[in-house]
Each structure stands twice: as structure tokens, then as C-alpha cells.
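Here are the chains, one letter per residue:
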Amino acid sequence: MIHAKSGDNYFLQQLVDTEFTGTVHSVFKHALNIRSVADGEIFTLATTAMDNAPNTLVIDLDILDNLHIKQNDSVRMKRDQLLIEDKLQIAIETATCWQCHLPIYPSDTTKLKNNVVQVKRFIDLYGKSGGMKRSDSPVSEFEAETSRLLKQRTTLLHDGLCNRRLDSFQQYALDLVGLGPGLTPSGDDFLVGLFTIIRLEGSPCSIYQPLCESVIKMMKPLTNDISYTTLKKAAYGQVRESIHSLVCAMLSGTETESIQALKKVLAIGSSSGTDIALGLISGLEANIKLGG
Amino acid sequence: MSIKVVIKRNTYFDSVSLMSLSTKANQIEGVEQAIIGMGTEMNKGVIRNVGLMTPEVEEATAGDLMIIVKTANADETESAYLAVEELLTNKNSAQAKSDIKYATIDSAAQGIPDANFAVISVNGAFAVREARKALENDLHVMLFSDNVSVEDEVELKTLAHNKGLLMMGPDCGTAIIGNTGLCFANAVRKGSIGIVAASGTGSQEVSVRVHDFGGGITQLIGTGGRDLSKEVGGIMMLDGIKALDADEATKVIVLVSKPPEASVEKKVLAQIKECSKPVVVYFIGGNEEAVVAAGGQFAKTSKEAALKAVLLAGIDDAGINKRALNLPLIEEVRAKLSPEQKYIRGLFCGGTLCDESMYLAMEKFNNVYSNIQKNPDFLLKNINVSQEHTFIDFGDDDFTNGKPHPMIDPSSRIERFLQEAKDPSVGVIVMDFVLGFGSHEDPVGVMLPAIIEAKQLAEKEGRHLEIIGYVLGTDIDKPNLEDQVKKLIDAGVTHASSSTNAGLLAREMVLKGDHHE
Numbered sequence: 001m002i003h004a005k006s007g008d009n010y011f012l013q014q015l016v017d018t019e020f021t022g023t024v025h026s027v028f029k030h031a032l033n034i035r036s037v038a039d040g041e042i043f044t045l046a047t048t049a050m051d052n053a054p055n056t057l058v059i060d061l062d063i064l065d066n067l068h069i070k071q072n073d074s075v076r077m078k079r080d081q082l083l084i085e086d087k088l089q090i091a092i093e094t095a096t097c098w099q100c101h102l103p104i105y106p107s108d109t110t111k112l113k114n115n116v117v118q119v120k121r122f123i124d125l126y127g128k129s130g131g132m133k134r135s136d137s138p139v140s141e142f143e144a145e146t147s148r149l150l151k152q153r154t155t156l157l158h159d160g161l162c163n164r165r166l167d168s169f170q171q172y173a174l175d176l177v178g179l180g181p182g183l184t185p186s187g188d189d190f191l192v193g194l195f196t197i198i199r200l201e202g203s204p205c206s207i208y209q210p211l212c213e214s215v216i217k218m219m220k221p222l223t224n225d226i227s228y229t230t231l232k233k234a235a236y237g238q239v240r241e242s243i244h245s246l247v248c249a250m251l252s253g254t255e256t257e258s259i260q261a262l263k264k265v266l267a268i269g270s271s272s273g274t275d276i277a278l279g280l281i282s283g284l285e286a287n288i289k290l291g292g
Numbered sequence: 001m002s003i004k005v006v007i008k009r010n011t012y013f014d015s016v017s018l019m020s021l022s023t024k025a026n027q028i029e030g031v032e033q034a035i036i037g038m039g040t041e042m043n044k045g046v047i048r049n050v051g052l053m054t055p056e057v058e059e060a061t062a063g064d065l066m067i068i069v070k071t072a073n074a075d076e077t078e079s080a081y082l083a084v085e086e087l088l089t090n091k092n093s094a095q096a097k098s099d100i101k102y103a104t105i106d107s108a109a110q111g112i113p114d115a116n117f118a119v120i121s122v123n124g125a126f127a128v129r130e131a132r133k134a135l136e137n138d139l140h141v142m143l144f145s146d147n148v149s150v151e152d153e154v155e156l157k158t159l160a161h162n163k164g165l166l167m168m169g170p171d172c173g174t175a176i177i178g179n180t181g182l183c184f185a186n187a188v189r190k191g192s193i194g195i196v197a198a199s200g201t202g203s204q205e206v207s208v209r210v211h212d213f214g215g216g217i218t219q220l221i222g223t224g225g226r227d228l229s230k231e232v233g234g235i236m237m238l239d240g241i242k243a244l245d246a247d248e249a250t251k252v253i254v255l256v257s258k259p260p261e262a263s264v265e266k267k268v269l270a271q272i273k274e275c276s277k278p279v280v281v282y283f284i285g286g287n288e289e290a291v292v293a294a295g296g297q298f299a300k301t302s303k304e305a306a307l308k309a310v311l312l313a314g315i316d317d318a319g320i321n322k323r324a325l326n327l328p329l330i331e332e333v334r335a336k337l338s339p340e341q342k343y344i345r346g347l348f349c350g351g352t353l354c355d356e357s358m359y360l361a362m363e364k365f366n367n368v369y370s371n372i373q374k375n376p377d378f379l380l381k382n383i384n385v386s387q388e389h390t391f392i393d394f395g396d397d398d399f400t401n402g403k404p405h406p407m408i409d410p411s412s413r414i415e416r417f418l419q420e421a422k423d424p425s426v427g428v429i430v431m432d433f434v435l436g437f438g439s440h441e442d443p444v445g446v447m448l449p450a451i452i453e454a455k456q457l458a459e460k461e462g463r464h465l466e467i468i469g470y471v472l473g474t475d476i477d478k479p480n481l482e483d484q485v486k487k488l489i490d491a492g493v494t495h496a497s498s499s500t501n502a503g504l505l506a507r508e509m510v511l512k513g514d515h516h517e
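Going down the list, the sequences are from chains A and B. The first sequence begins at 1 in my numbering and counts up one residue at a time. The second sequence begins at 1 in my numbering and counts up one residue at a time.
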């Protein structure tokens, strides 16, 4: 029997209030994704190496890909335990409840402006290339072309944001969905960061919120289920703990706090963390410009 | 130009693996360009832009993995693709790391500058040299090798002690460091209980029981079986206790060993007195009064040690399944055994498991023989012939000289089991089956034909032969614990839920009024 350490409030409610059933969607070293039978939504079991995140239960295990759990194995709740076939039993009553509450966009942006500069500088130096950050020596023509398109399309999207071009936002955002290497394509990761900032209460970019929601409705066939779930949650202000911490630090923390929080985001995936951070920066810079 | 495209439906690799695979695939000889990525519309657009679009790529969907390999010549394409496929098969970065081989400790230390631990398993003649090199490179050492002189052991342990390093072994077969099992160990939950042990299977058993009772392990530090001798002076056990005392994650410490030599016991007890955390002491056949006087918690059995530890660690007593003995079953078996069937034969892979059952039998009987008895009067005269109650440790040097350990190669135990099963004076045969890292892939399965044969033979001769099996393992071990237990039960074997219960069941089943000696 394995104990759940913490869990997303919505996921825990689904487990407790419904007779949750699902199937295993995919298994990685530190995460195991489950597709709900009821509505196809993706939920995640994460090891202690991972932070809290939407639709995620962090369980007291270090590795998940050594349990012989396979795609399509059945998942069900039984007496306060989440069972995956007879391969994993998770007691959920021990889980502390977590929910992402994004901070309010500050009226005084002095700290924010300085933190954006410092975080950008740090990403230039230490961010991972291969996605949004162009590699000096791309390994293939495919990588070089992907980087070119990512740069071109994110610039268009950012410029549109800064100039209140509401009409083009949806198309520019959709042109990024599914673009790039990795399990969660770089374009999706960038949008996770951007949508997070758009979702902040008081954010000058919040006028784009309804457009983010319509992008979500149209994007499902354009990317894989895991990335879709992450982006959908971000569009409604639900992001993983490390991203939340970085947003808080950049809005009202010190430079040191911002860099500490950034390091944790940069550690996400391969280039995903860098791509997400650049999405946050794009949104915050647009906010600064739009907010005057 | 030649292109090979393979689309793997609904296949997911994590981003780190995908990016690393792409880089490696593009470095394969003959490959002009390789793409490994998800089949989204946007990625397909990029592929079109770089001139690699094919009908198969068009068909890919967002949940599919695309593998595209481009070579200059058609005859190179297949072999290049196979090389890429091989990368996918070995995608695990840990596997990739373990593929790097170093010929020497020095080159390994240079090649992996972050490493702080070396596991050494080489011929005993070279073991000391390699262990010394590792310590000189500031690496903690687990030395699996045996045949190391006691003088060398003292020298290595003193060097480690002076450098603030752990020197686990020689002849150290079990450890769990940073939640990684080394050599023979079980998959257990991470928790707040630290173990220092001079006994391999004893520490495995305590860690497994802790897991079963809902607790978890921080570190399991092996010392090597000779650490608590007068010559070595318990250097490693004392350093191990100090290390766990200083470890924030450890809330309770458990010591597992045969009783130390008297002067060493004094030092260990003094260390317990100084320790800021509760210490549970399981010294098989040890002295309760001395332990209690030192402020330790004495445990008579491995199960008691684990139970005390989890309770001290704060696990709720009410939620623990203590797995009580099946008393009606004991009565039932007593009734089935004939008056001639007076003896237990214990056939063990684990030395401490053997010791535990033997000590439990010695509480009731005064004719208990073994190849590991401390009292020379009860050492088997011939290890191949049992006497009255006999407990054999097949992992002892008597049986392993020039042969693999019985946890890996059970052949010598199978032979002995059939021999014992034919003895009409035998009432109960008790055996252990050890799961986990390093052990046999199907320890019960390999024994089953012999068990079935023995049962049939006994039935033919009109006697009941009671066989008790204990499977040492957790619900997250490999092979699957439940499957192994089911195999035993299906073969008519009585399943004991712990080493302690195995010993108690065996003892109680042959204990009748007229058998009590």
C-alpha cells in the first residue's frame, strides 16, 4: 500500500465523490497518466520528485515505471483506495489538499519590471535550448525550422497582444499549438505561461481570457491529451506549484526569490520549463506595456 | 536520398527522453536527418517544410510518435533505422548511464564527478585495493566481496572513519541508500526508520516488516557480518548509528545483528545512550536487560523490532495488521502428525531467518542442531545429515564455497529438501523464499516440483508432511509477492506471514505434550 502525500482539490473530489474509473494512458518514470472513463479527462499520479499540479496526486513513490503498469490497465476507486489492477494500491485519505490560487496583478509594477529583466537575463544564460530558445547548433534541419517558426509565431502573438489585436489572437495562438519537440510541444508550453498571466486577476491582458477559452475549445485535435489537459487548466488559472511560485515571486518578490523560483521551473521536462518561463515573460511584458 | 518512416500509435515518451533520443539519432553514422517527435499537425507542417513529408507522416495524429530517418543511400536506411529503434528500446537515461563502463575506480570517479558511493564486488584478492582507492577518492563504499582479512577490514574501516565515510563490508550483501536497494534488498517505502545491520537477510526482514506495518525506511546501512567482532570493534555500526542520529529524515533507528562480542556490545550500548533518537535493538538471542539499561528498546524477534520501530515512528497502532498466529491451524496440524513425526527441519537461504527460527525452537527444545549453532555441542557433525531438530543456513560458507548463494541458485536446497521429506521422523519442514533485487526470479516456482513430489510421497506413505513457506518480500517487490504466495498455497504449503511467524508455527506444530523435550 502506497500513501498519497498531496493532491489537487478537484482530483481528490473526483476520487471521493464519484465512483472514479479510468484506464492507464501513459507511464513515465515520475508520472503516470490516467484517462477517466466518464469524460476522457487526464489525471496524473506523480512521484515525490514532482510538485503539486492540477489534476495530480503526488504519491509516496520515487519511480513509477518499474511497477509493470501498462497502457490501458484499469484504474478504479475502492474503499478510499485508488487501485491500478493489482499492481498499485494508493491510500488517498492521507493526502493533503492543494489548489492553485494565482496572485492578483499588482498596481505597483516596480518590482515586477526589475524581476522580468533579471529572469530574462537568467534564461538567456541558463535556459535550455531546442524549443523556444534557439540552439546555436541545431541537430537537424527539422529543429532549425521548428525554432524559426516558434520565434516567428510567438513574436506575432506577442506583438498582437501588446497592440490589443484581439482579432488575430486566436489564430496566432492556434498556430503554436502542437508545434515543437517534446511530449508537450514547445508552442503549448509557451501558451501555458502566457495563459497563466492572462488569467491573473487585474491583469491588463485579462481581456484575452475569453479568447483563451475559445482556443482551448478548438485545440483538442491539434495536440496530445497530456499537453491539452495542461493548457486547458492553465487557461482557467490552474498551473503547477513551481509555476505558481515563479509568478508570485516575479510579481512581488525579490530578485533572488524570482531566480530561485525560476530554477525550479527551468527544471521541468527538457526545454519545457524554459518555454513556459518565456510564455510568462511574454505575458508580463505585454501587461507592463498595456498597463502603462 | 532515402526515407524510412515508422508511426507508433499512442506512444508517449517524456520530453527529456525525446529530446535526448533526437540528438543521439542525428549522430548515428549514415543518418542525414532523424526526427523523433509527436505527430501533431504543426510538426507535420515543419516536416513538409523540410521536404520529408510522406503518406505515412500525413496519417499520423497528435498522440502518435513519428520516427523519420533520412539517409543518403537506400541501402543504409534500414540499418540506420534499426540503430534509432535500438535507442528507443534503451531510452531510459538511467540505463544509458549504466551502459558506461569504467575499468578502474579512479576513471569512474573522474568520469562521474558527482558520485559519492562505490559498490565493489570483485575477487577478494583485489577487493581491499579497490575499496582503498574508492575511499581515497572520497567515496562511501559497499564491499560485497568476502575473503578479506580481518586486519584489512580494520584498516579500511579506520580509513573510512577518519575521512567521515561509510565502509560497509566486506561481505556486506544488503543496503538501501537514498531509497536505492543495493545487492540483495527489497523495494520498500521511503519513511523515517533507519537501520544499521550486521545481518543481510535480518535487515531485509525488518525493512519488509516495517513496510508491511505501514512504515518506511530512510537508509539501511550494512556493516558486514564481522563488524561486531572484538577485532573490528563495531567501527561501522558505531559510525552508522551516528550517521542516522545526524540524519534529519530518520526518526527511529533499528540495529540488527547477532549479539556483539562483549567489549563491542559495551561500546554499542554506550552509543545508544548518547543517541538522541529512539533505538530498537534486535540482537538475535541477545541480552534484554543490558539493552534496556542503555535506554534502548529490546526486540526478541524481527517482527517485534519492526513493530516497535513503526510505533515509535508514529504509525497508528490501530491501523496495523499485526498478522497474529493462526492458532486453530496449529491444533489441526498437531492432530495430523503421528507421534513419530517429532522434528523440524529448517532449510533457509537467509542466515538470520535461519537463526530466528532456530532460536525460537531453542526456547522449547534442547536438541536443536545447525551448521551455524554458536554452541559447539549442537553444531552438526556432518552438515549433510540432519539430527533431531535441524536448521540449515544454505547461505553459509559451508554450502557456498565455489557456488552461488542459494538466493540465486537454489539447487543444493532442493536436493536437501527431498532428503528431509523422506525422513519419517520429520513433522515440519520450514523454508524461506527471498524476493527483491538480486534474488532468483521465481524462488517459489523453482521449488514447486520438489514440494509436490514430497507431498505425494508422504501421502503414499500415509503420513502428513507439513511444509511452511515464508516469502520475504513486499507488495512492490519483483517477482510479485502475491503470485509467489499463491503458488505456495496452491501446492498445499502453509504460508507464514513473517520470519517470526514461520519459526513460531514450526515450533508450535511439533510441540505436543509427549513431544516436549
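Read the hints as simulated data drawn from the structure, not as lab findings. The reader is advised that the hints may include incorrect statements.
With a straight-line cut-off of 25 Å between C-alpha atoms, the simulated DSS-like cross-links for lysine-lysine are [said to hold, decoys possible]: (1) A:K220 / B:K8; (2) B:K460 / A:K87; (3) A:K87 / B:K478; (4) A:K29 / B:K8.
Problem set entry | Violated hints, by number in ascending order, as checked against the structure | Structure breaks hint 2 only.
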